[in-house]
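There are 6 protein chains.
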Amino acid sequence: MRIDGRKNEQIRNVKVTRGYTKYAEGSVYIEVGDTKVLCNVSIEDKVPPFLKGKGEGWITAEYNMLPRSTGVRKVRDIARLKVDGRTMEIQRLIGRALRSVVDLKALGEKTLWVDCDVIQADGGTRTTSISGAFIALVDAVNKIHKEKPFKVYPIRNFVAATSVGIVNGEKVIDLCYEEDSTAKVDMNIIGTEDGEFVEVQGTGEESPMTRQELNELLNLGEKGLKQMITIQKNALKMDALWIGTGE
Amino acid sequence: MRIDGRKNEQIRNVKVTRGYTKYAEGSVYIEVGDTKVLCNVSIEDKVPPFLKGKGEGWITAEYNMLPRSTGVRKVRDIARLKVDGRTMEIQRLIGRALRSVVDLKALGEKTLWVDCDVIQADGGTRTTSISGAFIALVDAVNKIHKEKPFKVYPIRNFVAATSVGIVNGEKVIDLCYEEDSTAKVDMNIIGTEDGEFVEVQGTGEESPMTRQELNELLNLGEKGLKQMITIQKNALKMDALWIGTGE
Amino acid sequence: MRIDGRKNEQIRNVKVTRGYTKYAEGSVYIEVGDTKVLCNVSIEDKVPPFLKGKGEGWITAEYNMLPRSTGVRKVRDIARLKVDGRTMEIQRLIGRALRSVVDLKALGEKTLWVDCDVIQADGGTRTTSISGAFIALVDAVNKIHKEKPFKVYPIRNFVAATSVGIVNGEKVIDLCYEEDSTAKVDMNIIGTEDGEFVEVQGTGEESPMTRQELNELLNLGEKGLKQMITIQKNALKMDALWIGTGE
Amino acid sequence: MRIDGRKNEQIRNVKVTRGYTKYAEGSVYIEVGDTKVLCNVSIEDKVPPFLKGKGEGWITAEYNMLPRSTGVRKVRDIARLKVDGRTMEIQRLIGRALRSVVDLKALGEKTLWVDCDVIQADGGTRTTSISGAFIALVDAVNKIHKEKPFKVYPIRNFVAATSVGIVNGEKVIDLCYEEDSTAKVDMNIIGTEDGEFVEVQGTGEESPMTRQELNELLNLGEKGLKQMITIQKNALKMDALWIGTGE
Amino acid sequence: MRIDGRKNEQIRNVKVTRGYTKYAEGSVYIEVGDTKVLCNVSIEDKVPPFLKGKGEGWITAEYNMLPRSTGVRKVRDIARLKVDGRTMEIQRLIGRALRSVVDLKALGEKTLWVDCDVIQADGGTRTTSISGAFIALVDAVNKIHKEKPFKVYPIRNFVAATSVGIVNGEKVIDLCYEEDSTAKVDMNIIGTEDGEFVEVQGTGEESPMTRQELNELLNLGEKGLKQMITIQKNALKMDALWIGTGE
Amino acid sequence: MRIDGRKNEQIRNVKVTRGYTKYAEGSVYIEVGDTKVLCNVSIEDKVPPFLKGKGEGWITAEYNMLPRSTGVRKVRDIARLKVDGRTMEIQRLIGRALRSVVDLKALGEKTLWVDCDVIQADGGTRTTSISGAFIALVDAVNKIHKEKPFKVYPIRNFVAATSVGIVNGEKVIDLCYEEDSTAKVDMNIIGTEDGEFVEVQGTGEESPMTRQELNELLNLGEKGLKQMITIQKNALKMDALWIGTGE
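Chains as they are written, first to last, in the UniProt record's numbering: chain A, 1 to 247; chain B, 1 to 247; chain C, 1 to 247; chain D, 1 to 247; chain E, 1 to 247; chain F, 1 to 247.
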């Protein structure tokens with residue numbers, strides 16, 4: 001039995017609130033257990049310098065924990081004049097995850113700014129951010145699409161994320177903070193509706209993992225991704241992504 | 001008639017949610033119209049260097065707007081490596097307002113960290129922050145007081161804030177963003193339950209104001225502060241602050 | 001009797017030296033008692049990005065204390081890589097004060113950079129900065145006006161500042177540092193020759209003030225502003241601002 | 001056939017120079033093909049604040065590319081006042097990899113500083129850094145061990161890293177820059193001599209990968225890690241790590 | 001004939017005002033022609049970490065140009081978050097110059113902070129800073145010495161600085177800005193009353209100088225140093241430095 | 001006898017490796033005794049803002065010590081968010097030295113970026129950087145010249161640098177670290193093949209030097225520069241710089 005009574009392959013309760021703030025083109029408040037993240041997607045009609053004139057778009061993500069999203073108050077980055085290394089790592093991960101399912105050429109010369117602000121952290125903030133940000137991204141893209149349809153709809157696939165790990169010798173899914181802090185192995189898995197992997201980020205810092213352990217964790221991760229993508233579809237009230245041309 | 005149908009001396013609807021996050025000693029989500037601010041108060045058992053060994057406590061405030069709390073996405077301070085000047089001005093104001101009603105000697109060698117993170121901005125974020133942060137501060141102080149009573153209860157008075165201004169020739173209270181951006185005069189008023197003023201910050205940048213206009217605005221402000229303090233009391237389910245010794 | 005022998009409604013001795021440095025378009029060294037501030041105004045023929053193409057000008061102020069302008073050496077901002085919060089607050093105040101009496105459309109696409117560098121601080125550096133910077137601003141604007149007259153002369157009114165406060169139960173004007181550090185209430189008042197208020201920034205951090213106290217302090221402030229504007233006129237050898245068109 | 005004539009499962013030529021600089025306790029210049037990294041390990045007799053008094057040691061890594069290690073000159077971080085996000089991600093990876101095979105309690109209150117400075121980059125700089133830094137770490141630890149033996153020898157296992165990817169439909173190992181920039185999938189694999197995985201960081205940003213592709217890449221990675229660990233042993237002239245107590 | 005009518009070996013008019021500000025232990029306003037620098041020396045009863053417990057003192061200098069000390073307004077360092085390279089070079093030079101004539105052991109565990117703030121720049125700001133800062137340093141040291149005499153008086157010698165250069169083929173001393181900007185060679189010479197050199201910093205960036213030119217410039221420099229040291233003595237009303245023990 | 005057995009006028013062994021890295025237009029690894037510096041020169045087809053449209057080029061240098069190039073690990077500048085003052089001073093010196101022998105008009109609108117990264121430091125890193133960077137600069141300029149000849153070959157003269165000093169009463173050349181740290185006087189001399197001086201930077205911080213000592217040190221420096229320029233010629237396999245037009 002897990003600390004919060006869940007089964008090993010059971011993810012935490014998820015609650016998705018779309019349209020959470022009124023200005024962002026896509027705004028999702030996602031709660032996975034006690035982890036709560038506000039994911040806002042903003043659209044800007046220009047691209048970073050390295051893409052200028054290439055007819056392609058870009059997706060960039062920023063991740064931030066509010067100071068008291070954690071048990072001990074976390075000093076703001078600006079007070080130290082440095083972005084925390086972990087924050088950097090996570091926001092790069094979110095950006096890669098979302099770009100992997102978006103056709104940046106179809107998007108055209110736009111930048112989608114994805115802001116994931118953690119309101120309360122209880123483990124899995126990076127996977128929660130990805131799963132929630134994808135929903136906000138769909139809302140933002142659809143907002144444009146309704147006003148002025150894309151020739152090719154730019155989102156190619158659903159993408160979601162979950163964590164798996166080995167806790168007290170058990171392979172479990174979607175670790176809460178208390179599990180995470182005692183896990184022997186901790187792995188973040190990001191994948192699509194088609195069962196393909198976008199990124200597998202497994203860390204066995206405390207103790208390495210065998211090939212067999214890795215395989216079992218991947219099996220578990222696949223189950224979690226399916227659950228999460230179903231939740232995304234329900235929240236979006238969509239069975240499938242918009243298909244084909246904008247006409 | 002005002003843009004949102006309110007009367008001149010009517011503040012916007014206020015909603016207060018206490019205990020919004022689970023870690024902070026005091027955590028209040030306050031909504032004043034469409035302005036929404038998360039106010040978290042954290043307690044630290046040490047004081048800044050300039051107070052070490054003096055037996056006094058301190059209250060320090062940080063204010064921050066989430067990037068998409070506004071109509072156009074605001075670049076994070078850390079991306080520019082600079083705290084925005086307006087942010088600095090506001091967080092200093094919040095700190096002064098709260099310190100004015102707290103007996104820092106009675107508080108003892110503790111620092112209260114007040115984090116006001118604006119989730120959605122529609123005018124009056126600084127006054128909303130002060131009004132909400134006071135409630136969170138009471139919760140945080142009472143949490144300590146219940147565990148280990150203060151000899152003298154350190155909060156001396158209620159404090160709240162509101163804005164007043166001259167919009168289209170009318171003197172109005174609690175300006176929303178649209179009113180604020182066309183106001184001839186804009187003034188923030190911070191005061192106590194006893195009808196005393198803690199800070200009066202009036203700016204007539206567009207056009208100066210006469211002494212009579214100032215007086216009428218102060219009258220209006222007094223009405224708004226009363227309404228806001230009543231709301232604070234209802235939210236806290238208290239008629240008065242804890243009185244006397246902790247015994 | 002006040003600590004330096006002044007009467008309650010008497011401001012300190014003021015000395016104004018125009019043309020203090022040879023490069024700045026307007027350069028004023030102002031001494032109010034032992035507070036000494038160098039106010040330089042520079043003219044730049046471009047505007048900040050948010051005003052580009054709007055045909056309007058801008059006024060921006062920077063305030064800085066030299067390291068040994070104070071009793072204890074103050075570390076330079078650059079050594080900490082951060083602008084001090086108080087500095088930010090003050091330079092924003094100076095900017096708003098000056099913009100309130102300038103017709104930015106009449107100024108056209110120019111930026112006036114106002115640098116207030118405190119050489120020696122003995123209370124009231126922000127009000128001294130405003131009073132001195134206004135004189136330097138007039139000199140800078142007139143320098144342009146003589147070379148190539150504005151269609152509409154852009155300065156609409158005199159503006160000056162002074163402080164008032166309650167010290168040892170007495171309401172006094174233009175507090176020196178020693179008075180300021182024991183004041184129960186401290187308020188900065190900025191106003192025009194017409195007796196209108198531009199900004200009223202009253203702080204009762206130590207103890208709130210009643211409405212009546214506020215009124216009496218405003219009365220006192222009005223007297224101080226008149227004295228200071230007379231001094232400005234004498235320094236500028238002008239009875240009134242340039243009027244009408246440049247022809 | 002690969003661009004440089006290698007077979008799919010063949011890593012590039014590796015050259016290891018120990019004792020490259022004279023001051024560092026461990027100093028290794030490692031060349032993997034045209035990728036060249038200087039790995040210096042320094043020992044400091046204190047630990048970061050979060051470990052003070054716990055009797056444990058720490059390993060921290062810094063990664064940096066020299067400005068002209070790349071085809072286009074890269075601006076130094078200090079010129080932008082920001083650590084590059086990719087750099088952050090990599091130095092955290094190096095730190096985790098090395099800590100996973102070191103018994104930090106056995107190390108005692110020491111910090112090992114690992115500096116990986118890329119002299120020339122041609123793909124795989126992060127995996128090269130890990131493989132080279134491990135050798136330098138062994139040299140540094142042995143230097144202490146010879147002078148004053150540890151009770152328990154703190155290095156528990158060899159650790160090395162390599163990359164695998166799918167290039168032109170072929171699964172290949174140890175990608176050079178040109179392969180890397182056209183790879184459909186790119187994965188960094190870090191593992192021990194015992195065939196266990198420390199971290200698996202697979203990114204399918206361009207296109208996700210199926211479970212079968214992932215499995216085949218892991219197989220390939222295992223082969224590469226064996227080759228690299230053999231090279232590490234040859235360079236160190238050791239068949240196995242020092243075992244048991246220091247007596 | 002030089003641009004301002006001086007002879008080749010003639011330095012500009014020098015005016016020294018001691019006790020310019022009231023807080024600094026030594027405060028000198030020095031004017032060399034139109035170059036005007038405020039030199040404040042502050043005493044702190046502690047030393048930088050690298051000297052702790054060694055019983056020695058330290059002298060550290062900071063140099064800064066006010067924004068409008070120059071023809072075109074100079075952006076403040078803090079606005080760019082970087083100390084200008086030239087500023088760094090100069091403040092290191094000032095520090096070395098002053099330390100060269102002070103017995104840091106005799107000074108004991110104190111830091112002398114030397115702040116040179118350029119009010120107006122017309123060439124030779126670094127040499128003016130050194131010559132003026134020395135006078136302020138003497139005042140600061142004597143202030144301590146009078147209160148609590150040093151066992152050994154810590155200032156060993158007078159030190160001053162001047163510049164020499166080749167302008168329009170003529171070797172001249174103490175270049176003003178206009179001369180400096182057309183000089184073929186420009187050299188700063190720092191020396192003592194005994195005719196010894198502390199630093200010779202000759203730059204022939206535009207065109208190298210021959211050994212003979214160098215010799216003639218050094219001859220000229222020696223003359224300038226003598227003039228400047230006489231001025232220092234007159235300003236200090238001292239013929240010689242305090243000698244011997246404090247008893 | 002010197003600590004490493006050299007004669008007073010003997011420079012250390014010098015080893016020059018051209019083409020050290022494969023990307024830089026000029027890449028030289030220079031070893032002077034145990035001091036080892038990688039000097040890379042990169043060419044960029046644009047100039048800094050202050051030269052735009054003037055038809056001239058620019059040379060800018062960056063100097064950096066790798067963290068473990070020294071006996072005690074040096075914290076990276078980016079970790080402190082500040083460029084070290086000594087670093088600033090040195091990179092400005094390198095830039096001036098190289099610009100003094102290059103005809104920037106003949107170079108045309110190009111920037112030469114000179115990166116001197118110290119791999120191992122044992123005294124004289126700044127002079128080693130200049131001597132090595134000049135060779136890399138010749139290689140970079142010749143690379144352009146071969147592809148598209150300059151009308152006027154832009155390098156006018158060889159430039160090299162060495163240090164001289166007074167150690168244990170002896171005047172010696174090319175000080176190693178141990179000598180440098182006990183030197184009474186330390187001077188860096190930069191000069192051309194024609195025996196002209198580009199910069200003479202003499203510091204007698206510990207104790208000033210007499211005019212006669214200065215003369216003898218300059219004599220010694222001239223000898224060292226000749227030796228170093230001969231080494232540069234041998235490394236470049238050139239007796240003289242490319243002369244005349246590119247046709």
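One or more hints might be untrue.
For chains that are exact copies, the list does not tell them apart, and a pair is met inside one copy or across any two.
[To be verified] Below, computed lysine-lysine pairings styled on DSS-like, alpha-carbon distance capped at 27 Å:
#1 K46 x K223
#2 K237 x K184
#3 K223 x K151
#4 K52 x K74
#5 K184 x K226
#6 K110 x K52
#7 K7 x K22
#8 K15 x K171
#9 K110 x K184
#10 K184 x K171
#11 K223 x K184
FYI, nobody ran anything at the bench for these hints, they're computed from the structure.
Original post:
Which hint numbers does the structure go against, in order from smallest to largest?
Top reply: Of the numbered hints given earlier, those the structure breaks are 1, 2, 3, listed in rising order.
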